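Chains A and B, in that order, are what the protein sequence lines are. Position 50 of the first sequence, counted from 1, bears residue number 50 in full-length UniProt numbering, the numbering being contiguous throughout. Position 133 of the second sequence, counted from 1, bears residue number 133 in full-length UniProt numbering, the numbering being contiguous throughout.
For the record, the hints were derived by calculation from the structure and aren't laboratory data. Treat the numbers as computed from the prediction; the structure is a model and nothing was measured. Backbone N, C-alpha and C fix where the C-beta goes; we use that ideal spot for every residue, glycine too. Just to be clear, a hint being listed does not mean it is correct.
To be verified - For the chain A half of the interface with chain B, some residues (derived, Cβ under 7 angstroms), not all of them:
1) M17
2) R21
3) L100
4) M101
5) L138
6) T144
There are 2 protein chains.
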Amino acid sequence: MEHRLDEIDRRIIHALMDDARNVSAPTIAEDVSVSPGTIRNRIAQLEDRGIITGYHASIDFERAGDRLTNLFMCNAPVSERETVARRAQVIPGVTNVRELMTGRRNLHVLAVGEDTDDLRRIARSLSDLGIEIEDEVLVQNETTHSYAPFGPNDGERAETVTDFISLSGDAEVAEVTVERGAPIAGISLERAVREGVLDDDSLVIAIERDDSVLTPHGSTEIQPDDIVTVFSRGGVDEETIETFRGE
Amino acid sequence: MEHRLDEIDRRIIHALMDDARNVSAPTIAEDVSVSPGTIRNRIAQLEDRGIITGYHASIDFERAGDRLTNLFMCNAPVSERETVARRAQVIPGVTNVRELMTGRRNLHVLAVGEDTDDLRRIARSLSDLGIEIEDEVLVQNETTHSYAPFGPNDGERAETVTDFISLSGDAEVAEVTVERGAPIAGISLERAVREGVLDDDSLVIAIERDDSVLTPHGSTEIQPDDIVTVFSRGGVDEETIETFRGE
DNA sequence: GATGAAATTCTTATCGC
DNA sequence: GCGATAAGAATTTCATC
Numbered sequence: 001m002e003h004r005l006d007e008i009d010r011r012i013i014h015a016l017m018d019d020a021r022n023v024s025a026p027t028i029a030e031d032v033s034v035s036p037g038t039i040r041n042r043i044a045q046l047e048d049r050g051i052i053t054g055y056h057a058s059i060d061f062e063r064a065g066d067r068l069t070n071l072f073m074c075n076a077p078v079s080e081r082e083t084v085a086r087r088a089q090v091i092p093g094v095t096n097v098r099e100l101m102t103g104r105r106n107l108h109v110l111a112v113g114e115d116t117d118d119l120r121r122i123a124r125s126l127s128d129l130g131i132e133i134e135d136e137v138l139v140q141n142e143t144t145h146s147y148a149p150f151g152p153n154d155g156e157r158a159e160t161v162t163d164f165i166s167l168s169g170d171a172e173v174a175e176v177t178v179e180r181g182a183p184i185a186g187i188s189l190e191r192a193v194r195e196g197v198l199d200d201d202s203l204v205i206a207i208e209r210d211d212s213v214l215t216p217h218g219s220t221e222i223q224p225d226d227i228v229t230v231f232s233r234g235g236v237d238e239e240t241i242e243t244f245r246g247e
Numbered sequence: 001m002e003h004r005l006d007e008i009d010r011r012i013i014h015a016l017m018d019d020a021r022n023v024s025a026p027t028i029a030e031d032v033s034v035s036p037g038t039i040r041n042r043i044a045q046l047e048d049r050g051i052i053t054g055y056h057a058s059i060d061f062e063r064a065g066d067r068l069t070n071l072f073m074c075n076a077p078v079s080e081r082e083t084v085a086r087r088a089q090v091i092p093g094v095t096n097v098r099e100l101m102t103g104r105r106n107l108h109v110l111a112v113g114e115d116t117d118d119l120r121r122i123a124r125s126l127s128d129l130g131i132e133i134e135d136e137v138l139v140q141n142e143t144t145h146s147y148a149p150f151g152p153n154d155g156e157r158a159e160t161v162t163d164f165i166s167l168s169g170d171a172e173v174a175e176v177t178v179e180r181g182a183p184i185a186g187i188s189l190e191r192a193v194r195e196g197v198l199d200d201d202s203l204v205i206a207i208e209r210d211d212s213v214l215t216p217h218g219s220t221e222i223q224p225d226d227i228v229t230v231f232s233r234g235g236v237d238e239e240t241i242e243t244f245r246g247e
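Make the full structure from the sequences, and use the hints.
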């Protein structure tokens with residue numbers, strides 16, 4: 001009954017962790033070379049076996065009406081931890097609960113509130129359950145990602161984008177590693193812009209090559225393994241990144 | 001541009017946080033009494049506005065091949081926190097990163113590893129980024145939930161199930177609050193079983209009423225607001241819970 | 001695990017307020 | 001700009017091999 005996961009299961013998990021809503025069974029099926037029905041069966045099995053426990057949208061509650069996200073780090077007696085964890089989950093505002101194996105702060109409760117008063121209400125609800133709040137912090141940002149080892153193993157494919165900063169307005173700066181076979185590799189910046197390979201709104205502002213940093217000019221050629229810094233006034237979108245990515 | 005969310009947006013967010021994959025636009029549309037197309041447009045807007053940031057499957061990695069989930073609580077200089085957070089995200093195995101506003105442990109990194117060696121590799125990767133690991137703990141369990149205040153406001157509808165414990169095998173024990181209008185309310189246990197209202201595999205083992213605990217017999221009648229403890233050898237499924245829930 | 005028909009849902013374009 | 005509507009494409013469901 002305790003079947004191990006095969007390649008199909010792993011790829012399904014990877015795909016659904018990455019995007020649970022907009023990935024269809026046929027899409028995954030093509031990647032793994034089986035029929036869509038098989039993907040569907042496997043997904044149902046993974047759900048039945050309790051491996052896939054749910055699909056949840058991630059929400060930026062700060063943008064969604066100026067709400068606060070707070071992390072309560074709590075102490076619950078080990079013998080009751082599972083029970084109080086379950087009761088904490090249903091407190092209105094609580095969106096995530098982590099039970100930790102050891103330590104004094106063995107219960108992390110993530111909660112969203114309209115304001116600090118609302119968070120106090122949640123704190124009181126936790127206390128009422130016999131949970132001791134050891135520390136609490138506002139959460140600035142949270143991101144969730146797929147489990148890379150379950151992803152496609154096309155070689156050593158490192159992530160292309162190594163850094164990423166949003167500036168005022170829609171402008172963004174991204175640092176990307178140029179892959180072999182990337183559309184922009186081997187041609188000059190001037191030509192890249194002229195031929196539309198590089199977006200008009202994007203500007204290569206630095207090139208890191210062999211541990212030294214070059215200042216790019218029109219005649220500068222981008223090479224594989226260069227780490228280029230790209231500024232884009234309208235935001236660095238997926239299409240721009242593709243320019244630096246191999247096929 | 002900074003429009004506040006209306007009831008439609010809130011209900012969409014609630015629905016997608018609860019189940020991002022198996023909820024269709026028409027389903028939500030019916031709940032809110034608008035056309036499916038509108039729901040679709042709103043979802044696209046919420047994504048564009050950066051309020052919905054993604055849809056992720058939740059995976060129980062312990063069941064998925066005996067992997068370990070570990071939480072690294074780290075310290076990153078505030079000035080570099082955003083940058084290192086972004087770099088930490090792409091370390092293979094890292095599935096979640098929380099940036100916290102204040103405190104010494106202002107970066108929580110959740111990572112999955114095949115074994116402790118694998119986790120050490122991830123820890124080393126974090127250190128290489130200049131992140132100081134202050135503490136680390138194995139995660140036993142994690143659950144994610146919808147944001148209740150965005151849910152349907154049909155009265156004060158408290159959660160029916162207040163506690164839930166899995167026993168050996170498939171057996172489970174659940175503690176549920178009986179709602180007004182529930183199928184089982186007002187009839188004796190014996191009759192409930194006879195008429196199929198209560199599952200054959202389910203057994204009411206305790207009734208908490210007015211702060212005292214009753215021992216149930218065949219002639220005992222379940223009343224609204226009773227907190228009943230149900231044991232089921234095959235697992236307490238949604239159908240069983242419905243027995244205690246109002247229409 | 002694959003196949004095929006039927007129901008549902010999603011995409012897209014178009015119209016009206 | 002926002003929501004409703006309708007046609008065609010794609011996906012999911014279900015039974016069957």
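Exercise. What hints, given by number in increasing order, does this structure fail?
Worked result: none
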